[in-house]
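Visitor: Protein chains in written order, with full-length UniProt numbering: chain A, 1 to 500; chain B, 1 to 190; chain C, 1 to 334.
Some hints here could point you the wrong way.
With a straight-line cut-off of 20 Å between C-alpha atoms, the simulated EDC-like cross-links for lysine to aspartate or glutamate are [unchecked claim]:
| id | chain 1 | residue 1 | chain 2 | residue 2 |
| --- | --- | --- | --- | --- |
| 1 | B | LYS135 | A | GLU224 |
| 2 | C | LYS215 | C | GLU147 |
| 3 | B | LYS139 | A | GLU224 |
| 4 | C | LYS330 | C | GLU147 |
Keep in mind that the hints were calculated from the coordinates and are not lab data.
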Amino acid sequence: MEHVLALFTVFAHPQLLLLVGLGTFAGVYVGAIPGLSVTMAVSILISFTFSWDVLPAISLMIGIYMGGVYGGSRTAILLNIPGAPSAIATALDGYPMAQRGEAGEAIGVTTVMSFFGGFIGILVLALLAPFVADFALTFQPRDYMLLAVLGILLVGSLSSGSLVKGIFSGALGIGIGAVGMDPLTFTERFTFDIPLLQQGISFIAVMIGMFGVSEALMQLHHVEKAAVRQKISRIVPSFGTIKKHLPLSIQTSSLGVLIGALPGTGGDIAALMAYDHAKRVTKNPSRKFGDGAIEGLVAPETANNAAVGGAFIPMMTLGIPGDAVTAIMIGALFIHGLNPGPMLMVEQPNMFWFIVGALIMANFFMLIFGLTGIKLFTKIVEMPRSVLIPLILLLSIVGAYAVNNSITDVYWMLGFGIFGYFMRHYGYPLGPVILGVILSRLLDDNWRRAIISEREDLGRFFYGIVTSPLSLVLLVAVILIFVSQTPLWTMFRKKDTQPK
Amino acid sequence: MTESEHHHDSSRDGSSDATPGGAAGKRRPGELVFTIILVIFSAVLLWNAYGIAGFEALSSPGAIPMGTAAVMLISAAMVLNQTLRKPRAEDETMLQDIVPPLVIVLALFLVAYGVLLEPLGFLPTSLLFLLASIKILSKRSWGFTITVSVGSLLGIYLVFRIVFTVLMPTGIIPEAEILQAIRNLFAGGA
Amino acid sequence: MKRFIIGAVSALAVSATAAFAADYPSKEIQGIIQWGAGGSTDTVMRAVTPHAEDVLGGTVVMQNMTGGVGAIALNKVAGMKADGYTLLMGAENPLIYKIMGLGKKDYSDFVPVDILARGTAILVANNNAPFDDYAGMLQYIKDHPGELRIGSTGPGGLPSVVTAMMEAVEGDLDVISVPYDGDGPALTALQGGAIDVMPAVLGASIEAIKAGNMKPLAVMDTEKNEFLPDVPAITSFNEGYNTYLPWGPFFGVFVKKGTPDDVVAKLSAAYKEAANQDDFKTLMHNRGFTLMNISGQEAEDFLTKWQQGTSWLLQDAGLTKSSPEEFGIKRPGE
Numbered sequence: 001m002e003h004v005l006a007l008f009t010v011f012a013h014p015q016l017l018l019l020v021g022l023g024t025f026a027g028v029y030v031g032a033i034p035g036l037s038v039t040m041a042v043s044i045l046i047s048f049t050f051s052w053d054v055l056p057a058i059s060l061m062i063g064i065y066m067g068g069v070y071g072g073s074r075t076a077i078l079l080n081i082p083g084a085p086s087a088i089a090t091a092l093d094g095y096p097m098a099q100r101g102e103a104g105e106a107i108g109v110t111t112v113m114s115f116f117g118g119f120i121g122i123l124v125l126a127l128l129a130p131f132v133a134d135f136a137l138t139f140q141p142r143d144y145m146l147l148a149v150l151g152i153l154l155v156g157s158l159s160s161g162s163l164v165k166g167i168f169s170g171a172l173g174i175g176i177g178a179v180g181m182d183p184l185t186f187t188e189r190f191t192f193d194i195p196l197l198q199q200g201i202s203f204i205a206v207m208i209g210m211f212g213v214s215e216a217l218m219q220l221h222h223v224e225k226a227a228v229r230q231k232i233s234r235i236v237p238s239f240g241t242i243k244k245h246l247p248l249s250i251q252t253s254s255l256g257v258l259i260g261a262l263p264g265t266g267g268d269i270a271a272l273m274a275y276d277h278a279k280r281v282t283k284n285p286s287r288k289f290g291d292g293a294i295e296g297l298v299a300p301e302t303a304n305n306a307a308v309g310g311a312f313i314p315m316m317t318l319g320i321p322g323d324a325v326t327a328i329m330i331g332a333l334f335i336h337g338l339n340p341g342p343m344l345m346v347e348q349p350n351m352f353w354f355i356v357g358a359l360i361m362a363n364f365f366m367l368i369f370g371l372t373g374i375k376l377f378t379k380i381v382e383m384p385r386s387v388l389i390p391l392i393l394l395l396s397i398v399g400a401y402a403v404n405n406s407i408t409d410v411y412w413m414l415g416f417g418i419f420g421y422f423m424r425h426y427g428y429p430l431g432p433v434i435l436g437v438i439l440s441r442l443l444d445d446n447w448r449r450a451i452i453s454e455r456e457d458l459g460r461f462f463y464g465i466v467t468s469p470l471s472l473v474l475l476v477a478v479i480l481i482f483v484s485q486t487p488l489w490t491m492f493r494k495k496d497t498q499p500k
Numbered sequence: 001m002t003e004s005e006h007h008h009d010s011s012r013d014g015s016s017d018a019t020p021g022g023a024a025g026k027r028r029p030g031e032l033v034f035t036i037i038l039v040i041f042s043a044v045l046l047w048n049a050y051g052i053a054g055f056e057a058l059s060s061p062g063a064i065p066m067g068t069a070a071v072m073l074i075s076a077a078m079v080l081n082q083t084l085r086k087p088r089a090e091d092e093t094m095l096q097d098i099v100p101p102l103v104i105v106l107a108l109f110l111v112a113y114g115v116l117l118e119p120l121g122f123l124p125t126s127l128l129f130l131l132a133s134i135k136i137l138s139k140r141s142w143g144f145t146i147t148v149s150v151g152s153l154l155g156i157y158l159v160f161r162i163v164f165t166v167l168m169p170t171g172i173i174p175e176a177e178i179l180q181a182i183r184n185l186f187a188g189g190a
Numbered sequence: 001m002k003r004f005i006i007g008a009v010s011a012l013a014v015s016a017t018a019a020f021a022a023d024y025p026s027k028e029i030q031g032i033i034q035w036g037a038g039g040s041t042d043t044v045m046r047a048v049t050p051h052a053e054d055v056l057g058g059t060v061v062m063q064n065m066t067g068g069v070g071a072i073a074l075n076k077v078a079g080m081k082a083d084g085y086t087l088l089m090g091a092e093n094p095l096i097y098k099i100m101g102l103g104k105k106d107y108s109d110f111v112p113v114d115i116l117a118r119g120t121a122i123l124v125a126n127n128n129a130p131f132d133d134y135a136g137m138l139q140y141i142k143d144h145p146g147e148l149r150i151g152s153t154g155p156g157g158l159p160s161v162v163t164a165m166m167e168a169v170e171g172d173l174d175v176i177s178v179p180y181d182g183d184g185p186a187l188t189a190l191q192g193g194a195i196d197v198m199p200a201v202l203g204a205s206i207e208a209i210k211a212g213n214m215k216p217l218a219v220m221d222t223e224k225n226e227f228l229p230d231v232p233a234i235t236s237f238n239e240g241y242n243t244y245l246p247w248g249p250f251f252g253v254f255v256k257k258g259t260p261d262d263v264v265a266k267l268s269a270a271y272k273e274a275a276n277q278d279d280f281k282t283l284m285h286n287r288g289f290t291l292m293n294i295s296g297q298e299a300e301d302f303l304t305k306w307q308q309g310t311s312w313l314l315q316d317a318g319l320t321k322s323s324p325e326e327f328g329i330k331r332p333g334e
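In isolation and in its complexed conformation, chain A is listed as follows (with noise of 0.2 Å):
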C-alpha cells in the first residue's frame, strides 16, 4: 500500500502545487467564458507541455479542468449565460438570485457546494474506483437510451409555463441534434441540401445563442434601468445552511459521480438529472424552483463536481475516457510515454494515486479562488448595460466560432438567439431546447444500437429490458416519473389530500 504515499507528491513539491493553483485559477475563468472549454484549454495545453515532465503537465490540467467545471456557473449566474453545458442547471435559480441582489450569496453556496461535490468525486474516486467502472461497463445500449428517456422527461420540471409549449421546446432540440450527416450511417437529415447544414448544428452556438443573445436582447428592454445593485456581505454559507442541504447534496454528488463515470454521459446531463431530483424530492424549498431557490443551486453544482471524480474513474481504471477532457489527458499520458489502459493501475499504481492528490488539491484550490474576488465579479453585474449588452454579444459571436473555427457556427448562434427572444416573448422555455440537443445523440445512436441488436424485433427489446435488472430499474424510473406528471395522477393526489 506504500503507492498511496504519492498521494501526497503534489503536496511535497511546492512547484507542482503551484501548477495545480494557477491551472485552478486559470480553469475557473476559460469555464466561466461561454465558448471557452476546459477541452479546447487541454487540448492547447498538450503541445504546450511537451517538453515537461509529465507530473506537472497532469497537474496543470486537472487544475484546469476542476476549475473550468467550476467557472461555468459564473456567468450563469451573473449574466444568465452558462459557460458551460454543466452549468445550464445553474442558471435556472442561479440568475434570478443575482437579479434579487443575492449574486454573492449563490456563488458563495455554489462554491461551497462545488467544493463538497468535487470532495465526493474524489472520494469514490480513491476508494471505489473498479468496483464503479466493472457497473458502468455493464450498461448496454438499451439502458443508455431508457437514461436519455429519463433525461428528456425533465422537460416537465423544466418548463414551469405551458407544459405544452415546453414538450414543443425539447423535441425541437432534439431535431436541432439530428441535423446533418448520421454519424452511424452518413445519411443526411433535415439538411434540405443546403451545404452549410451538412455538418450539423453545434450545440454549444445553439446554447450561447438562447441563452446569452436572447438576454443581451431582452434586456435592451430596460437599458436606462439602473442595474441591481448586490449585497455582498453574506458569501460563506452559514454551517447551518450546509447542514440543512446536507442529505440532498449526497444524494445528487452520488447521482453525479455515477453519471460522470459513465463513458458517454457527462456533467451536463447529471447536472440537469440532480436539478430534477432536488425538485421532486425538496419539500419546502427556500423559494419556488426558477425564482431562485438555493436548491436550485446546491444540486447541480454538487454532481457536475462530482462527475469530474466520475470521469477518471473508467481512465485510471480501464483506459476508458469518461468524458472528452479525459480522453484528451489519455492521449498526454501516451505522449509522455505512459501507457494508459487496464494495465496502469497494476504497474503504475503510483500515478494513480499522484492523480488523486492532485485533484484534492485542486478542489481546496477551488474553494479558495471561488470565495476570493466575488465582489470583483459582482461589479459585471453592475456595469452599465449600454456596456454589458455589446460585450455580450461580442463574446457570445466568438464564443460560437471558437468551438469550431466556423462560420457558420456564428450564423446558427445569431439565428437561434433572434429564434429564442421570440421564444420568450410568447412564453416558451428555452432549458428543454438545449435539454434536447443534449440529449439527441444519447436517444437517437442507442435506440438503433439497441434495436438493431435485437435485429428490429420489439419483443425481444422489452424481452431484454425486463430480463436485466438494471434496465428494469430504469424502466421504472421512467414509468414513475412520466405517471407523476400526469394530470390524471396530480388529481387523484389532490383529491387523497382533499378530506383531511
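Place chains B and C on chain A using the hints.
Guide: Frame of chain A, contents of chains B and C only:
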C-alpha cells in the same frame, strides 16, 4: 416620446429560463403568426424526416427524427388551438413590447456583423460593432465609447487569439504577419 | 466600389508578404487537424509538430476541425491559398470520400508532406464470447446465423473495410453489424458485452488485450505482430487474405496542390526530422503504430495503392455510393 407614457409589463418578458415570459390568458402581438410559423415548420420537418428513410425499419436513421417532428407538430398544433382561443392583449403593440426600435437596430447590427466578418476580418468588424452599439446605447461621449470599445476588444483578442489560438477570420489585416514580426522581435532580443 | 477597395487592400497585404521559400515561414502556419481533440490523429499530430516547429523555426497553430468524417477540414484547407501556410493533418479517410459520396475532393488535391505512420487492424472479442480464435468465430457464425454482433464505425470506417475483406475471402457472413461513432466507444461496448466482436486498430485495443479485458482473435496482417507475438496472423487461417493485406489506417500531413516545391521540401524535411525523434518513435511504438515517415513520390505511390485497394474492396462489397471507375481509380494490378 410616446414610449414613456406606455407602461411595459416586464413580467411578460420572463425573468429567467425557468420562468419564461408570455401573458397568461392573453395573446401577445405577433404570437399568432409565430405559432402558425412553428406549425408549418414542424410539418415541413415531418415531411423531410419521412423522406430520410420512410417507414423502412425501426432502426433507420429517420426513425427518431420522424418521431420528434411528429411530437413538434402535435404540440405546435395544440399551442395554436390554445392561442386562437385567447383574447388579444389590447395593452400591447408589436413595436413597443415585442420588438422595440432598439432591438431592431441591434439585431440589424448583428446581421451586418455576420455579413462583414468574413471580408473585413474580425478586428475591424468587431471594433465597428462595439463603437456603434455602445454609442447608441450609452449616448455617452466618443472618448468614452472609443476607450471602452478598444480596451475590451484588445482584451478579447488577447484571450481568444493569443492564448487560445482561435484563428478568427483575418480579412484585411495581415495578423499572422504582424504576430510573427512581434515574435521575431522577442526572439531576436532574447 | 467598396469591394474593389477591400480587394485592393488585401491584395497589397498579400503581395507584400508573398511566400518566398527563402524566408518561409515568414508568419505562423495553421495546422488543421481532421479529427477531434483526444483522438489518435490529434495525439500523433500534437506529438510530432513541436519537433517540426523547432526545425522550421516557426510556429504551427493547431486546431481541431471535426465533422463530415473529416471532410469539413479537408475542404477548408482546399479552399485556402496554396502557400504552405495551411497544413492538413489527417488520416486515411479522405481517400474514399469520392466513392462514399462524402465529398468531391480527396488527397489527389493535395501534396503529401509526410506520411508519418500506419496502423494494423486486429479482430478482438468479448471475453465471454463462445470462441477463442478466428476459426472458432467462423464456426459460430455458421452455427448461429444472425446472432453474432460485430461493431462498426459507419460505412468506410476501418471495421467496414475489414468486414468487407472477410466477406470477400470467406463469402457472406450472417452477422449483426452495430454502429458506433468511433472505435473507442465500440471497444468500450465490447468490454461491456454490447457487441461480441470488433475489428479495431491494434493501438486502441492493445492495453486492454494485455490486461486480459478482451481476447484477440487474429491480427489482420500477413505476419504476426511484434507487440502481440502470441496472436496468429489472419493469413494463417486463410491464405485468401494475402490479396488484400497488408492494409491499415495511416496518418499524414498534407498541403494543397500548387504549393511551391521548395516550401513543400522544407516542410517535408522538417517533419521527417521530427518523426525521427526518439520520443515520437517511442510514442508510435507504444500505441502499436508502424512508423513510415515517407514523402515525395514514395508517399504518392503509397496513397495511390491504398486508394485502389480499399476502393475496389468496398465497391465489391456493395458499400459504395458510386463506382471507383467514375473517378478514374483503377483496380489494383491493372
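Visitor: Verify the proposed pairing of LYS215 (chain C) with GLU147 (chain C), using a straight-line Cα cut of 20 Å.
Guide: Satisfied, since the Cα-Cα distance of roughly 19 Å is no more than 20 Å.
Visitor: Check the hint pairing LYS135 (chain B) with GLU224 (chain A) against an upper bound of 20 Å on the C-alpha distance.
Guide: holds, 14 Å
Visitor: Quickly compare the C-alpha distance for LYS139 (chain B) and GLU224 (chain A) to 20 Å and report which way the hint goes.
Guide: At roughly 11 Å apart (the allowed maximum being 20 Å), GLU224 (chain A) and LYS139 (chain B) satisfy the hint.
Visitor: LYS330 (chain C) and GLU147 (chain C) were given as a pair; does the straight-line alpha-carbon distance stay at or below 20 Å?
Guide: violated, 37 Å
Against the hints set out earlier in the document, a violation occurs for number 4 only.
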